[in-house]
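Listed in order, the protein sequences are those of chains A and B.
Under our numbering, the first sequence has 4 at position 3, and the numbering climbs by one with no breaks.
Under our numbering, the second sequence has 169 at position 144, and the numbering climbs by one with no breaks.
Each hint should be verified, as a subset may be incorrect.
[Unchecked claim] Lysine-lysine pairs mimicking PhoX-like chemistry, simulated, CA-CA at most 25 Å apart:
id : chain 1 : residue 1 : chain 2 : residue 2
1  : A       : Lys67     : B       : Lys91
2  : B       : Lys157    : B       : Lys110
3  : B       : Lys91     : A       : Lys76
4  : A       : Lys104    : A       : Lys144
5  : A       : Lys67     : A       : Lys137
6  : B       : Lys96     : A       : Lys76
7  : A       : Lys115    : B       : Lys157
8  : B       : Lys153    : A       : Lys76
9  : B       : Lys95     : A       : Lys83
10 : B       : Lys166    : B       : Lys153
Hints are computed from structural coordinates only; laboratory data are not their basis.
What follows is each chain in one-letter form.
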Amino acid sequence: MKKVITSLAVLLASVSLAGLSDTATAHAASQPSKSATLTKSYRGTWYVYDGSFKEAGSPRLYSVEKLQFASHHLKVTQYLSKNSALTGRTERLSANFQMRYQKRSGGYVMWTNKQKVGTLKRAKAKVHGKSMTALKVTMQGTKLTAFRRAVASHAVGFYQLS
Amino acid sequence: MNKLIKGCLLVLASFSFFAVVGTTTGQAASKTVALPKSYRGTWYLYGGVSMDSANKLPVFTVVRLKLQSKKLNLGVYTTNTPDLKSQAWQLSIASPVTYTKRIKKGHPAVYRVLPRSMEGESLAILGKTKVKVKVLNKRVKALRINLDGDLVYAFRRPLQSHAMDTLLD
Chain A
2 MKKVITSLAV LLASVSLAGL SDTATAHAAS QPSKSATLTK SYRGTWYVYD
52 GSFKEAGSPR LYSVEKLQFA SHHLKVTQYL SKNSALTGRT ERLSANFQMR
102 YQKRSGGYVM WTNKQKVGTL KRAKAKVHGK SMTALKVTMQ GTKLTAFRRA
152 VASHAVGFYQ LS
Chain B
26 MNKLIKGCLL VLASFSFFAV VGTTTGQAAS KTVALPKSYR GTWYLYGGVS
76 MDSANKLPVF TVVRLKLQSK KLNLGVYTTN TPDLKSQAWQ LSIASPVTYT
126 KRIKKGHPAV YRVLPRSMEG ESLAILGKTK VKVKVLNKRV KALRINLDGD
176 LVYAFRRPLQ SHAMDTLLD
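Build out the structure end to end from the sequences listed, making use of the hints.
In structure tokens form, the structure reads like this:
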């Protein structure tokens, strides 16, 4: 969560609140010129693996973020698991943002408050030797690879906030 | 307002790379308590007003803080009217939390909010108080939230008072 939520935090800090205009058209206002609905193959739940860490005296912990893409928002939830299969997750934090999508070159561009946030593109990635459908996400410059299932592969790392 | 959201997100999102799982950290661990009913539920913080350059309308920000027995929910809403009605949702942050009680001699009890993502560190200290609200011209019950030294006040209903953005500049 760290990577996705922190990059969203940085994004929000730079977004002028004036971009959120008139309540009646609040949704319309934050749309790019032509907003599209995500197709079934893009929307829904994807998982991004952060990585694992271990402290002396406690078991190794694996962090995974669940990304839920919906027509008007994106929800990111961070979980911790005690095993590399990423089962038995405990929730730690979740953030829900307004998001709009625009079709662009085989994928989508994500918009929040009239600003481009990142891009989405379906691809295939190899996990433990097997090819799996993946979603290549760029979020504020950070590249992430998400899968339909939670797998401990393609770790994106953690943000160390000073 | 952006600074507040950023602050909340950064605070909630930051945890030491070397996390301690399910155990207590350094300082003497206070026992987890249930948050009293008078603290639970929805509180409203006023985020301040800014001008929307596009259609020259003022944008008022309201933060809905929902304190539940095991969860904390922060929702940011905006509206164009000073009565703070017809709020449009902008974003939400949720976190599982635990509460501890702190009693200092001669002071009323206060509660610490510990989000699960903060590894035993407290996000804020909550206390009950009464503050004078200019728009109503009377004293109103408020929740005093101490964020690492910065005080913000929340009310049981949206009030255009005690804006948070002034604290953050």
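Requested in this report: Hints the structure violates: just list their numbers, smallest first.
Outcome: Checked against the structure, the hints that fail are numbers 7, 8, while the rest are satisfied.
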